[in-house]
Structure formats: C-alpha cells, structure tokens
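Novice: If you're matching them up, the sequences are chains A and B in order.
Just so you know, the UniProt record's numbering puts 129 at position 129 of the first sequence, and the rest follows in order with no gaps.
Just so you know, the UniProt record's numbering puts 472 at position 472 of the second sequence, and the rest follows in order with no gaps.
Since the hints were derived computationally from the structure, they do not count as laboratory data.
Note that the structure is predicted; figures quoted are calculated from it, not measured.
Cβ atoms here follow ideal geometry from the backbone N, Cα and C, with glycine treated the same way.
Take the hints with a grain of salt, since some may be wrong.
Said to hold, decoys possible - Here are the computed lysine to any residue pairs in the SDA-like style, where the Cα-Cα straight-line distance is at most 25 angstroms:
id, chain 1, residue 1, chain 2, residue 2
1, A, K157, B, D562
2, B, K292, B, F479
3, B, K437, B, A521
4, A, K157, B, Q158
5, A, K157, B, M665
Stated by the list, open to error - Stretch-level coverage of chain A by chain B, calculated; a stretch enters the list once three of its residues show a Cβ under 8 angstroms from a Cβ in chain B:
id, region
6, 42-51
7, 74-85
8, 101-108
9, 341-355
10, 471-480
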Amino acid sequence: MTHWIVLPIIIPAMLASFVILAARYHRDIQRVASVAGTLASLAVSIGLFWQAFDGTLSIYQLGNWAAPFGIVLVADRLATTMLVLTGILAVAVLLYAIGTDWDKRGRHFHALFQFQIMGINGAFLTGDLFNLFVFFEVLLIASYGLMIHGGGAKRLKAGTQYVLYNLLGSTLFLFALGALYAQTGTLNMADLAARVAMIPAEDSAGIRVAAVLLILVFAIKAAIAPVHFWLPSSYAEAPGPVAALFAIMTKVGAYSILRSYTLIFPPDLELTAGLHGWWLLPVGMIGLAIGMIGVLGAWRMDRLVAFSVIGSMGMVTIGISVFTEAGISAGLYYIVHSTLATAALFLIVDLVLSHRGGAGLRLYASMPLPGNAMIAGLFFVAAISMTGLPPLSGFLGKLLILDATYDSPLVVWAWAIILGSSLIAVVGFARAGSIVFWKSRQIAADHDDPRTEMDNVETKPAPVPQSLPVLPVVAIGGLVALIVAHTAFAGPITAHFRATSAQLFDQEPYISVVLGTEGKEIKEGGNALGYKKDKGGKSEEGYGATDEATEDATGAATSGTGEGH
Amino acid sequence: MSLFVIVALPFLGALLPGLMYGAGRKACAGVTLAVTLTALVGLLSRLPEMWRGETLYARVEWLPALGLNVELWLDPLGFFFALLILGIGALIIMYGRHYLSRDDHMGEFFTYLLLFQGAMVGIVLSDNILLLLIFWELTSLSSFLLIGYWKHLPEGRQGARMALTVTGMGGLAMIGGALILGDIAGSYRISDILQAREAIQASPLYTPALILILLGCFTKSAQFPFHFWLPHAMAAPTPVSAYLHSATMVKAGIFLMARLWPALSGTPEWFYLVTGAGLITMVLGAVIALFKHDLKALLAFSTVSHLGLITMLLGTGTAFGVLTAVFHILNHATFKAALFMSAGIVDHEAHTRDIRRLGGLRHLMPVTATIAIIAALSMAGIPLMNGFISKEMMLKEALSTELYGPYWLVPALATFGALFSAAYSFRFIGHTFLGPKRDDYPAHPHDPNPGMWLPPAFLAALVIGIGILPFAVEPFVKFVTGAVLGNVAEVPTYHLAIWHGVNVPLMMSAVAVVGGLILLALHRPFQAGWDAAPRPEAKTIFEAVIAGALSLARVLTGAFHDGAFTRYAAILALTIVAAAGHAWMTGQTAQPMAMGEWPGFAPSAGWVMLVAAAGALVMFHHNRLIALILMGIVGTMVSVGFAFFSAPDLAMTQISVEVVTIILMLLALNFLPDFTPKESTAMQRVFDGGVAVLGGLGAGLLAYHLLTGSAIAPPISGYHLENSYLGGGGTNVVNVILVDFRGFDTFGEIIVLGIAALVIYALTETLLFGPVRARLLNRTPDKPLSGDRHPLMMVVMTRVIMPLALMVGIYIFLRGHNEPGGGFIAGLVVAVAVVMQYMASGFAWASARQRYPYHGIIGSGVLVAGLTGIGAWFTGTEFLTSSFGYVKLPGLEAFEVASALFFDVGVFLAVVGAVMLSLESFSRLARRADMPDSEYPMDIDPSRDTRTEGGA
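Please take these sequences and the hints and turn them into a complete structure.
Specialist: Below you can see the structure in the form of structure tokens.
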C-alpha cells in the first residue's frame, strides 16, 4: 500500500494547519514551512508523474472503502501532469511572493496559499464528483482569501464579485450533482460512466440536462464565454503573485471538462449527442475573440493580461472541443503553455507596478523603471509566447490546435478567428510594451530638456532608483526558462500528451481499476446490537461486475465484498 | 560546416555582443563580425559539394506529431540568399561600428542584428515550411526591435509597430497557407511540397492556400497594397535600413515566391495576383520615390518599386522571368545597399537627409559621391552598370507578357516605371552631389573614415564588375535559376551580355533614360503639382484603422465587462436556462409528467409558509432586518422539512447553522444602513424578475422530473445503510458517512470552514489597519445605542446556560456515532454557548477570559482530523481508514470507541474555532475608541461601590 497519492493533498493541509496553530506570528517559520511544503508536494507529484508515465493507473481508496461507496483518488497521466504543473507554478509564485514581501501585506498568506495548493491538487486527483465539489469549495474560498490579500477598496469590490459569481457556480454544481445522483444513484466518476451508459435513449432528457449543467459549472471555472465575466476584474485586481497562481485555476475547469466529458459523457455517447460536442467549439472561438479584443482594448497592463487569460482559455476550449486525441493533446500542450506564460506575465506586471511609482499600471508613458531593459526583455519574451508568435510554445500550441481543427466543419471560422485574434493580440501587446518600456525613454530624454512642454505625461520620477530584487527575477526567469523548455522539448511533451489523451479515451481500464479494486473487508460478529446482515443476494463478485445483469450486479453491490470468510 | 551550425551561429553569437559590451565598442563589433564571417566561411565550405549538383540535407526531430522538425537543406537558391545575407551582413557590421554614436548601446544593436541574421539564414535554409514560418516571424520580431532601436523617437516606435503589425499579419496568414499546402502534399517538407505540383494545383484548396501564402510574401516584400510600412521602417538606424530594407528581409517574400515557384506558379491565379501586384507596386513606388525629399524615403520607395519589379518577373511564370528575377535580386542587393550606406554617410556627416538642404556634396565628400553615383546610375539602368543588364531583360520579359487589356499595356507600364526609376536616380545624384556647393549645411560634411566608406565601395566595385563582365556571374545565376525552376522548366539559354544589338528593349530603355532626364528638368513644377494633389496617406489610414480598432475594442470589452454584477448574473442565468432548455428539448422523456399525491395538511402548510416567506423576501428585501427575519423563516422551514423527511441529523445541523448565521448577519447588519437603496429602474426590475422566474421555473421543473423518476440502478446509499455498523462501527448512518465513508469530504469541508474564518479575520485586520479604520471610528450610529449595554438578566442567564449548553454539546458529540448528533452539531452548540457570553458581557470581558486563541483551535481541529487519518497508515491502511473496538474501563460498562471519534473531535474543534473567530473578527470592528471596554461582566453591579470606582 502506497500513500504517495494522497500526499499532495495532505502535505499542504497539514502544513497550513500547523502554521495557523503554531506559527501565526513567525513569518520566517511560515516561509520555511511554505517553501518546504511546496517543494515536497512538487517532489511527490514528480514521483507520481513518473509512476503514471507508462500508463499505470494508481488508485487510493480513502478510508479503505471501495469505490463507488467511498472516495477514491486516481493518479493517471492527466492528473499527475496537472499536479506537476501546479507544483512548479507554486514554487515560482511562492519565491516571488517572498522576494517581494507580498506575504507581509496581510494575514495568513502562507496558510491560505497552502490550502489553495491543497484544493487544486485535490481537484486533479479525485475520482469522485462530490469530492470534486468539496475541492472546488476549498480552492474557491482560499483563492478569495488570497485575492483580497492586502486589501484596498477596488480589490475588495472585485473580490466580492469573484466570490459571488463563483458561489452561483457552486450552487449550479449542486444542482448538477443532484440531477446526476437522482438518475444514476452514484457520484463516483467511473461508476457514473458505467451507469450513464445504461440509460436508455428514450429517457435521455434528464441526463442531458445534467450533462449540460455540469459542463456549465466547469465552464464558469474555466472562464469560457459567456460565463467568463468574473475573471477580468478579479485577476486584474488580485495581488500579482496571486493572479499568477490563478493561472492554474482556470485550468482546473478545463481539466474537469476533459475528465468528465471523456469518461462520463464521452463524445461517442448517443445519449448526449448534439450538446457540448456541438457548441463548445463556437463558444471557444467567442472566448478567444473576446479575450484578444480585450487585450487590445485594455487600458491597464493587469487587465490586458487578464483578458489574455480569457483568450488563452478560448484556445484551450477550441482544442478540447474537437474531442479527438490530436485536439486534446493540443489543448493539453496549450494548457501548460498558457499557465506558464500568464503566470510569468502577471509576475512581470507586478514587478512593473512595484517599480513604476505613481503611474501604476495605466497605459501611458512614465519615467523609465529601474531595470527597464531587464523587465522589458522579460515582458517581450513572455508576450511573444502569449500572443503565439514563433518561436516559443504559444506558436507551437497554436499550430497544434490549427492542425487539430482541420477536419472540423467550422475549420474556416476557427482558423480565421485563431489567426485574426493572434494579430489583435500582437497589436495590443506591442502597443502596451512600447508605451510602457520604450516611450519612457522619450519621457526621460524630454525630461532632461527644459524646453519641452510636458503635457499629459506622468513626470513624477520613480520613487527610489532601486535595482531589481533577485528572488522575483529568478522566479520569473525560471518560468520563462520553462516556456523555452516547453518549446524545445515539444516532441516528447506532445508524445506524452498523445498518450495522455489516448488514456482518456480508453475508459475501460479506468472504470475497471476504480470499480474492480476491493476495499475494506467487512467482518461479521462482535455485534452488540444484534444487527445482522441480510444474507440474500450475495455474490463473490465485486460491485458493478460488468458482465452481470444490472439487477444482479447491484444486488451484489449492496451485499458488499468479502462475504463468507 | 554543418547546416545546423551555420543557422545556429548567429543565434548563439547574439549572446556575445551583449557580453563583450563591457570590453568596448571595438570588441563588440569585432566579435559580431567574427561570428558572421565564421558562418560565411562555413557556408562557402559547402559550395564545392553543391556545385557538383548535390543538395545537402540535415534533419533533427522536434515535433514529429505535427510534422514540424528541424529540417534544413542547402540548394543553390538557399545558398545564393545565404550568401547575400551573410556577405552584406558582414559589410553592414563594419559600417555600423562606425555609424553608431557613443550614446547608442552597441551591444543591444548587434545582438538584435545577429538575431535577425540568424532568422534570415534560417528562412533560406529551411526544408520544412513550418520551420520556415518560425524563422519568418522571427525576422518580423527582430526587425521590430531594430526599427524601434531608437526608443526615444516616436517615429521609431510607430514604425516598429506598423512593421510588426503588417508583416505579422502576413505571417499569420501564411500559417494557414502553409498548413493547407502541407496537408495537400502530405508533408511539411518543402522538398516534398515542390514535388507535389499537380496535386496542389488540382486541389480545391489551391486558391485559398495561394492567397494566404501570397499575403505573407506581399506584406514582407512590401507589395501593393501593403507597401506602406517600409518607408516608415526607415526610422531605424541606417545600417538597419541598408541591411533589412534593401538587401535581406524585404527579399524574404521574394525568396518564398521563388522557393515555392515550382509548386505554385503557372496558374492564372498566380499570374494575375503576382504579376498584377508586382506591376502596380513597381509603378507606384517609382512615382512616389521621385517626390520624396528624405533620401532614405526616396530609397525606400525605390526599393518598393524594385521589389515590385522582381515580383512581376516571378509572376509571369516563364523560365526567362525567373532568370531575370534572380539576376536582378543580386544586382539590386549590391546597388541598393551601397546607396543606403551612402545616404547614411551623408546623414551622418551633413546631419540632414533632406534633399532640399543638400547639393554640391561632390566637392566636399568626393569618395562618397563616387560610390553613390555609381550605385545610383546602376539603379537608373545606365549601361556598364549591372542594373542596366537586368533592366533590359526585364523589359524583354515585359514585352512578352499580356495582362488584362491591350498587348502594349505591360511593356508601356514597365517603361513608365523605368522612366520614373531613372528620374529619381538622377534626382538622387543631381540634388545631392551635383550642383554648387552650399554654405548652409547643418554640419560641415566631409568624407568619413574608411571604415564607413569601404563597405559601400566594395559593393560599388561589384556593381561595375558585374556590369562590365556579366558572363563572370552567368554560371552562378543560371545555377540558382535552375534551383528555382526545379523540374518544371529548363534554364533558358540566354546569355548575360551588355550588348544584344539594337532591339526593342534597348529602345524602351533609351526612352526611359531620356524621359527620366526630362522629368528631372521639370521636377519643380511636377513637385508642386504633387504636393497640391490630394492623395491618401498610408500612415494616417493605418493609424486611423488601429485607433478605430482600439476604440471599438474598448467599447466592446469596456461595455460588457464594466463590473455590473446584475448583468453578469443575468447572462449566467439565461445561459444556464438556454443550454439546459436546449438539452431538454432535444432529449426524450419516458415517463409523462404526472401530478403527485396530496401530501397532507401539515406538509402543505409548511410549503405555503416557505413560498410565502420567499415571496415576501422579494417584496421586502430593501429592509435588511426584515429580510434577515424572513430568511430565518425559510431556514426554519427547511429544517422542519428535513425533520419531516426523517433526517434528524440534517434538521439539527440546519437549525444550529441557522442560529449561528443569523447572529453573524446581525453583527454585520450593525455596519450597514437599515435599507438597501433602490438602484434599478422599473424596466430593469421587470427584466430581472423575468430572468428569476425563468430560472426558478427551470429549477422547479428539473426537480420535479428528478423526483418523479428513479435512478437507473439502486443508489449507493443502500451500501451505506447496510454497512454502517459492521464497517463503520456506528448505527447513525449519516454520521458514519460524514466521518467514515466520506470522511475525506468532511475533512475538506472543515478546511473550507476554517479558511472562511481566516479570511474574515484577515479582512478585518486589513480594515483595521487601513484607511477604513478612521471611517469606522467616526461612524455615528443611526439608532440610539442601548443605555444598558450588558443587561444584568442576560448576564445571569447566560452564565447559567453555559454549563448546560456545554453538557448538551458533549452529549450530542458523544452520541453522534449511533444517534443523531456528531461533531459538527456539537461544535455549533458549544459555539453558541460561548457566543452568548460575548453578547452578554461584551467583547473585551469575554476575550480576556478566553485562553485559547481561535486560530489555534481551527488549526488544531484540522490537525487532529488529519492526524487521525494519518494514524491509519501505521496500521497499514489508507488515510482515514477507521477502526473501532470495545473498551472496558473500571466502573463503566463496555463501550465502543471508534477512531472516527477522534476525527469527529477535529471536526468539532474546527467548527468551534471557525465560528468563534468569525464572530470575534466582526466584534472587533464594532469596538470604538470613545467607548472604553468594560472590565466587568455587567455595567450595573449592585455590590460595586460607585464612589470608589468613579461612577458608572
């Protein structure tokens, strides 16, 4: 029995509670604990990734209860890949937050950060929809805490909208869960897959509604148009490192769509034909267009990056929506890319903010920042990656998605929107970078020249000419280096994602491993209350044996396993 | 040298100038030159193999899933362009070292230049069209950096952005074209695509692919109507203009048309698009060039014109056209680079490039004048210069080309273009170098040091050399032409020579030169007419388009993302209803919607109360207190409902949650006005009401459908009922589910509760140490405060209730596993007991007696729950696996102890801590400086001696 699978959830949870209990007032201990915990989670995640790399599906039955009665965690290629991505991102963000003293600006940063990691890891690992709901709650409330970290009227207002909108999403999740449970009697994903397949076509309406409600929940998390409205303000107003960490949050939604709509409602399921398979591609395109138009129209750098998140989620949606191996692996490649790129951009923007003095992040020229060239260079690279210009991963991801949509009936629209929105994004980013980093040189030159009229420009010199702090630059540089690595090793990475999507489409092993693994052995005897088990309809078969008639199988199920010792 | 090394050298070398910057400008330029020369030598080292007719390949896998691999090849065409790029690159570097001033960061400049060089070499050596795309866009990016090199100049920034936008757009279009081509050919290898001529031209996707590819070529090579960015790119330092905008980057589009010539050319689409665009560009560029006063602008438009000429030649689709194009690419690169460098020298020395302020420079800078005049004469197409020969060939090709309309149209237009070409060349010579010496130059011009004039002089020597001895380069030109033609056509037997006898092209040429001279003589009136004539200014249009797009984007995103939550929520609700409605309509229902049975009087009355309370809430929600009371009613009815459906645990939980929530809300109400203002208009309210009704109806219908149907298989709860005692050691299934079957969910939920409390606390802290604090302190309550803050009766009552409540809490906790109860409910009960003390005697008094900080209680709760789970590891089972057994303590009956009990302790602690921390945080906001905390449990103490205490 290996407990590795549960560790990415338990380590941050235990560390966070330890910090609350014993180190509330000791920033250094918090930092050490937080860094150690994040690194440990990452290390475990890498181990799990390695284990799942060859296609092994490992499961972990919490409380030793067999699925579907208890909760299982499932570590397959997809889940472990997302875990590693989360871990890497968390390390970079944490280093940045420590290096810029962001964690000092409010209470409980590190505890909330660890709980957030716990929620994200849990959402990736769980094999149970209700448990996914619980982890959605954990990450929602922790992210709300992180988002309003440091306070400020605008941030609190944006935070309220964020939490309200997502609570609507949670409510909808409960509706979806209720609808699923009422019609299938289970919430374990593998069991749902098996049972949804049994529903006759003549009675499809209810389950179709459930399928749609569920994907809408995930669409809200993934900020897919037209339910993305919560994102721009909340990401823009969140503290820089928190916004960077949120780069993975939208991917939780994308992950959930991938998981549920390849396993529970696979694309070839007659029952749900003509639903998400039909409208997911158009909404992805709309999201992409809205995002990139928002990039162009943004009047602040942070909003610009926030809209690029919406755009990149549109791209991910387009990739996923074709529901082919090529499409999903393209989407996965893009998920990794956009996580790294948006995180890097948010951190860079935060660095600009902290060095820009009175000008804030508004898009007009101010005096040059200290370390202008360095920040400008990082911004340039990250922006290239984000807008999908060669040679970085954004371009490769775009090619992969273009290639994947080649056979879609909407290919002309998809290509036109993907390529057109790229251009809009290029214009938007070029404009922003040129105003913030280049025009400032002119301001400086004019500033030296006493004859120049200084209209409409912020001439307040940056507060103190300071050099760039080391740790934040290391964090951003690390992310940029990862983007480069994601590009250079695109071959093996896409091969892995091909294997990952192949595993997603091959539902049978998932179902049989999850449902076929025996759990706790129920011992009889020693029964003080004289409670006896019903002896009828028992079977040696495990629950949900596939080759038995439904009645028999469920009869066996209720009698449990391990009868007749 | 390996092809990889040749391509990689400039990229790796790009690191060096930055590093060497500290070592001085000379070292910086030296190392750049060394990198370029090494690559050049490497390239030349492969010439012998290639001359023997071999094509060299090099291949490394990169992204095989897509067919994107690092595949390079070296054929004569690639070699020719690489030679131009590296050769002229070396000259430019020598020139640039002296051109840049001490204020310019040379390391940055050469880094960008090498990046660009590498990208260009990559384009011409790519054997994979996707790889070519990557290098293609890299040239756009590096030229963006180079054009914007002087960041303090607005023209530089705008020109850079314009160039990036236009060429970036073309590159994006090309992505589409390349993917289609690769798909038709079945491979993204260019050498494979070139073999697939028939398949490509027969494909229905040929025309879209061609248009997309040509968009890329035309934008890059500044063909009409995308020619406008090139003159604005002249804001770059002159070495950049000479390199990018005459010899190399703008030739990338030409290169690609030549590269794909065997696969794409020969169709009517190709002919009309390419020849048409080329012809228009040639004439238009030549005409505009004549009227430009800025030397570099003149040269820029002349480049546009010459690029149009080459494009036109490629468009004709004949072998002779290709031969001429190749030859003219070579000639244009030599004379145009020399001209740009000369213009740069003039600018550098005279401090102006305005042709109206120049003249007579041949007296002051004879060397520069000689070089510039040679190069300009070649541009004009004067015999003995290389430009003459290729122009003759172009006119010959034009004679045999028929576009729309009469047969003489193309030759006439070609002659017209050549005429203007001669005119602006003569103007360049005449108005800059000839004429009398002036005395109003902004600086004192003189010949620069040899470092600056040697590179253009070398090129001028080539101009004359090729012009006089064209047969020397003939084998090479034909060699390259053969590579362009592939196996589609034979290389023509035409000989490159100065004299082909008196023929029609010579006549046309003579007309052009003489006409050019006349035009120059009449320049002044023509210029006046040109200046007076209205004409579209590309830059203004472009900027208007960008500004329009920008404001449109602002409106689109600003209007819809303005933070209006009501609209966000309405869109969400409508989306849900629409999507779910669509799913419902397209599905089938087996059982009809039937009415259920009459549930009896009591449930119906409860239902009516629930509906009435909810409806009243809608009516009276502006009064916050009433809204709270109505919500209390709803909550109570829900609890009653749970009880009615035999769920005592849920009912107990719900009722305790209600109590705690109402208390929390009351505290919060303390800081809010009594009434919510009415913010929406009647129309909005009607709309919002409609949305709400739709959503409610949808939810109701769904619920009804689900309740009247049944699950496809028996629900898993059957197993829980079966096994709760034997497997989980408890007869209260709800509790066993909470702490055992699905203890992991509970673990998550207590964390949610804990986090919520922490967030409330953190928020309070931020508020109390922020600007809001002052507002809180200065707040005047809108209602009179109670004169008796801590009433005696209440204090006494709560003290009495406290131990009782604690007992109840412990009892509920302990029975939880077998009877309704458990840690969660117990936690709430205990929390309420403690809250009463706060309410009775005030925050300060109560918290002074509070020994364990609530943070710690939350933390320890989660820790206890987690450690209980981890404890299972030591018995070799999974996290949260429960075990239970019977314990016999002396004096007591045997009783059951389950490990889940400890888990429940964790739940209990977390709940108590979370509730109390939230309440405490709220109370802290209420503390006021003007009201000192009471240190007594109540304000009126009969036993207290008011005289010694100083009065109450």
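Novice: For each hint, tell me whether it holds in the structure or not.
Specialist: Here's how the hints hold up against the structure:
1. Taking the CA atoms of K157(A) and D562(B), the gap is near 12 angstroms; set against the 25 angstroms cutoff, the hint holds.
2. Distance check on the hinted pair: K292(B) and F479(B) sit about 38 angstroms apart at the alpha-carbon level, beyond 25 angstroms; violated.
3. For the hint linking K437(B) to A521(B), the alpha-carbon distance of about 19 angstroms falls within 25 angstroms, and the restraint holds.
4. Taking the CA atoms of K157(A) and Q158(B), the gap is about 37 angstroms. The hint is violated against a cut of 25 angstroms.
5. As the CA atoms of K157(A) and M665(B) are separated by approximately 19 angstroms, the hinted pair is consistent with the 25 angstroms bound.
6. For a cut-off of 8 angstroms, the count of residues in the region 42-51 of chain A with a CB near a CB of chain B stands at 0, and the three-residue condition is violated.
7. Counting residues of the region 74-85 of chain A whose beta-carbon sits less than 8 angstroms from any beta-carbon of chain B gives 0, not enough to reach three: the coverage restraint is violated.
8. For the region 101-108 of chain A, the assignment as covered by chain B holds, since 3 residues bring a beta-carbon within under 8 angstroms of that chain's beta-carbons and 3 suffice.
9. Coverage of the region 341-355 of chain A by chain B is violated in this model, with 0 residues showing a Cβ closer than 8 angstroms to a Cβ of that chain against a need of three.
10. A stretch counts as covered by a chain when three or more of its residues have a beta carbon under 8 angstroms from one of that chain; for the region 471-480 of chain A and chain B the count is 0, and the coverage is violated.
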